[in-house]
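*Asks:* Listed below, chain by chain, are the residues.
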Amino acid sequence: MKKSPDSNAEQPEIEQALFETQKKIYPRSISGFYTNLRWFMVWFTQILFYGTAWLSWNDRQAVLFDLAARKFYIFGLVFWPQDFIYLAVLLIISALLLFLVTAVAGRVFCGYACPQSVYTEMFMWIERVIEGDRSARIKLDGIALSAHKITLKAAKHFAWIALALWTGFTFVGYFTPIHTLIQETLNVSLGPWQLFWILFYGLATYGNAGWMREQVCKYMCPYARFQSAMFDKDTLTVTYDAERGEPRGHRGKKADYKTQGLGACVDCNICVQVCPTGIDIREGLQYECIGCALCVDACDQVMDKMAYPKGLIRYTTEHALAQKLDKNGIFQRMVRPRILIYSSILLLIIFIAGISLSLKSPLKFDVIRDRGLPRTTENGSIDNVYRLQIMNTEENPHRYIIEVAGIPGIAIISDSDFEMPAATTKFIPARIRVPAGVAKKGSTKIIFTVRDLDNNKVSVSEKAAFLIPR
Amino acid sequence: MADFTNGWLGILIALIVAISIIGCGVLLLAQSKIKVKVGADGKPLPVETTGHVWDGDLQENNNPLPGWWMKLFYGTIIFSIAYMLLYGGFGSYKGMLGWSQDDEYKAELKAGDAQYGPLFQKYMAMDIPTVAKDAQAHEIGERLFLNTCAQCHGSDAQGVKGYPNLTDKDWLYGGDPQTILATLHDGRQGLMPPMADAIGNADDVLNVANYVLSLSNSPHDGAKAVLGKAKFTACAACHGEDGKGMQAMGAPNLADKVWLYGGNIDSIVEGINKGRKNLMPAYKGVIDEDKLHLLAAYVWSLSNTPSSNPQSTAKP
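Chains as they are written, first to last, in the working numbering: chain A, 1 to 470; chain B, 1001 to 1316.
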């Protein structure tokens, strides 16, 4: 385990647990611009999450991932397994967005929009309302078990579990219709898998947001570890202006600290106390920092009280610190190759995906030729039989007509028009006849076209082979 | 149990599993403490690196893992023991729950039967012509047909050379509902032996072939047909004196224009010389009885509804 050379061989050794016990963090509440921004994002993402499941669209749930029927409904769109590519595109867009945002402003996704941060924030709010702020919580954990302590702790966990279960319920509500789900929940008639996933997702929420918190970011999340690949010297990060702040130290409010040889940092430690991951930002950029800027709010408050200028801790870049750039300078440096490449790839993919989505045909079909030999009729014309698999991916019935072309006189002998109920797949046998002697013997390419009888613009063509016996 | 294992294999597996689990536990315990250097004040020195260096300055700190992570490792040991107690896997031990893939499969089949059984039972209670009128039964039948029968008889059920057309009124073994069901059940083996020796020389065969064509007024050589008539007695045993066939033994009607292998002189001569052999497989036990019932109704409907086209009735 240890490969470092034994240079300090003369030093005594002690046995220590290899595994660190979690040091509980008691973040202190704070207010300010970035705190408000975080709360705005909590409301925004959670209204989206808890609310969307209840919306209706065309007599069905607006957003429903029906795994059993393999149909994903997202408002007006219905995605079939054949549309799986769009999921890949969505993931690529999300990844690129993350890269871009990280290159511009560091880990702001972590601080403001990541479910881990958002749920932790909600759980911390519950904790604060029930147990009080930082000092009250430290005190409560320090005292012996009493009726008062048990009541508070029980109330907190009860509220946490209620919120976690509601989160699990909402999550499952995206996979099985939520209006049915709530009926089943009230009647205590949930299916075993629904119950399992509600409890499992609820437990994960409770455990991650209530107990694990920053441990998830520090030890589990891979994003924390590869962020540095997107960082450069022009990336905005939460930074302590050491040149202005050091040397830190306590001082009187009225005193002129510069004559005392002190920097602007009053060493109040509030920036450490508010940090949800429990780090000291004054030690520089660390992998634990989720870019939430709560320390910025904390420091600005103190600077205000001291009547010092704000921004001892602020979002700034390495270059800006070194070269004393102002906001304009930082902004100008935003336009750099990394940002341009990320944004242009992102825009290109969004553009292509948008075009592809808008051109997505509601009608899909495949042609399979029957494996049997061609038939020769009495007057010498040749019949081939095909099986057309037609999919009406839309949520209303359609009438379609099959057309065939590629050989003079080629015609469909079986019924060529048919009706498809909403969102169904169907096999249609099609018998195709070619008159004697118009095509060469062997295989000839023909084109099947299936056209929507009510909307001529919707048509799909597929190639097939017509066989004529030698 | 499988043929190629015996008792000691189970013991061996149990041994390997036990050693693995105990080994993991011992390893975890042994590795949960390290020796760290202490400074002059008796406190541990700051974290050392592993000594690995990348890119000149990138070092790997030898930081301790969080404690809960360690507990997860112990958790896996508890999980594995609980899992084996419940589900088996410790040698040949079957587990307290007695769970098996096979039972799971059977349970799912049972659940499927419970869901769809009433539908099929409804149709089982009806006779085949009644089922044939039912639009939903027709759709189920069509899907069964496309899955099972269309490979040979064609997606439109009109057959190809060697595989009969099911949409016309010409039946080898009879086209009433019960006979169709019997065909599906037990399959059919059609056999026409080579008849050249019984008929005579090559000229005789050609004459008989022309006579056969004359029965259906197909293009033929009249003079040869007259000569062939006498030799047809060899064929009449199965196809009948008038050549109209015999459904009891699946001998085709030669007096109509429906030909399984083609209605020209060459293919008939070939049939006489080499014989013909046909096989329709039996589906009893392969497809459930209630589904065969629907399938029989579908096939019967192909030649017994006003429209001979299978699609027109499939419309909802």
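Careful, some of the hints might be misleading.
[Stated by the list, open to error] Label-pair restraints from in silico Cβ distances:
1. M1096/B / S94/A: 32 to 38 angstroms
2. A113/A / A1040/B: 30 to 36 angstroms
3. A1107/B / H157/A: 34 to 40 angstroms
4. F44/A / A1107/B: 44 to 50 angstroms
5. I341/A / I1016/B: 50 to 56 angstroms
6. L1191/B / L373/A: 41 to 47 angstroms
7. I1016/B / I143/A: 20 to 26 angstroms
[To be verified] Straight-line Cα separation of at most 30 angstroms, DSS-like style, residue types lysine-lysine; simulated pairs:
8. K1284/B / K1229/B
9. K1231/B / K1277/B
10. K139/A / K1169/B
11. K1161/B / K426/A
12. K1244/B / K218/A
13. K1169/B / K426/A
14. K426/A / K1284/B
15. K1133/B / K1106/B
16. K1033/B / K23/A
17. K1043/B / K71/A
18. K1274/B / K441/A
19. K1231/B / K23/A
20. K156/A / K1071/B
21. K1035/B / K24/A
22. K1291/B / K24/A
23. K426/A / K1133/B
24. K1169/B / K218/A
25. K1161/B / K445/A
26. K23/A / K1161/B
27. K1284/B / K441/A
28. K1229/B / K1291/B
29. K310/A / K254/A
30. K153/A / K1071/B
31. K1277/B / K71/A
32. K1033/B / K440/A
33. K24/A / K1274/B
34. K1033/B / K24/A
35. K1169/B / K1229/B
36. K445/A / K71/A
37. K1106/B / K1291/B
38. K1110/B / K71/A
In short, the hints are calculated from the structure, not lab data.
We put the CB at the ideal spot given by N, CA and C, even for glycine.
*Asks:* Hint by hint, say whether it matches the structure.
*Replies:* Hint check results:
no.: 1; hint: M1096/B / S94/A: 32 to 38 angstroms; in the structure: violated (44 angstroms)
no.: 2; hint: A113/A / A1040/B: 30 to 36 angstroms; in the structure: violated (48 angstroms)
no.: 3; hint: A1107/B / H157/A: 34 to 40 angstroms; in the structure: holds (38 angstroms)
no.: 4; hint: F44/A / A1107/B: 44 to 50 angstroms; in the structure: holds (45 angstroms)
no.: 5; hint: I341/A / I1016/B: 50 to 56 angstroms; in the structure: holds (53 angstroms)
no.: 6; hint: L1191/B / L373/A: 41 to 47 angstroms; in the structure: violated (22 angstroms)
no.: 7; hint: I1016/B / I143/A: 20 to 26 angstroms; in the structure: violated (51 angstroms)
no.: 8; hint: K1284/B / K1229/B; in the structure: violated (42 angstroms)
no.: 9; hint: K1231/B / K1277/B; in the structure: holds (22 angstroms)
no.: 10; hint: K139/A / K1169/B; in the structure: violated (94 angstroms)
no.: 11; hint: K1161/B / K426/A; in the structure: holds (27 angstroms)
no.: 12; hint: K1244/B / K218/A; in the structure: violated (88 angstroms)
no.: 13; hint: K1169/B / K426/A; in the structure: holds (28 angstroms)
no.: 14; hint: K426/A / K1284/B; in the structure: holds (27 angstroms)
no.: 15; hint: K1133/B / K1106/B; in the structure: violated (33 angstroms)
no.: 16; hint: K1033/B / K23/A; in the structure: holds (19 angstroms)
no.: 17; hint: K1043/B / K71/A; in the structure: violated (62 angstroms)
no.: 18; hint: K1274/B / K441/A; in the structure: holds (28 angstroms)
no.: 19; hint: K1231/B / K23/A; in the structure: violated (106 angstroms)
no.: 20; hint: K156/A / K1071/B; in the structure: holds (25 angstroms)
no.: 21; hint: K1035/B / K24/A; in the structure: holds (25 angstroms)
no.: 22; hint: K1291/B / K24/A; in the structure: violated (65 angstroms)
no.: 23; hint: K426/A / K1133/B; in the structure: holds (20 angstroms)
no.: 24; hint: K1169/B / K218/A; in the structure: violated (78 angstroms)
no.: 25; hint: K1161/B / K445/A; in the structure: holds (23 angstroms)
no.: 26; hint: K23/A / K1161/B; in the structure: violated (81 angstroms)
no.: 27; hint: K1284/B / K441/A; in the structure: violated (41 angstroms)
no.: 28; hint: K1229/B / K1291/B; in the structure: violated (46 angstroms)
no.: 29; hint: K310/A / K254/A; in the structure: holds (17 angstroms)
no.: 30; hint: K153/A / K1071/B; in the structure: holds (24 angstroms)
no.: 31; hint: K1277/B / K71/A; in the structure: violated (48 angstroms)
no.: 32; hint: K1033/B / K440/A; in the structure: violated (83 angstroms)
no.: 33; hint: K24/A / K1274/B; in the structure: violated (91 angstroms)
no.: 34; hint: K1033/B / K24/A; in the structure: holds (22 angstroms)
no.: 35; hint: K1169/B / K1229/B; in the structure: holds (27 angstroms)
no.: 36; hint: K445/A / K71/A; in the structure: violated (34 angstroms)
no.: 37; hint: K1106/B / K1291/B; in the structure: holds (19 angstroms)
no.: 38; hint: K1110/B / K71/A; in the structure: holds (26 angstroms)
Hint compliance for this structure: hints 1, 2, 6, 7, 8, 10, 12, 15, 17, 19, 22, 24, 26, 27, 28, 31, 32, 33, 36 are not met, and every other hint is.
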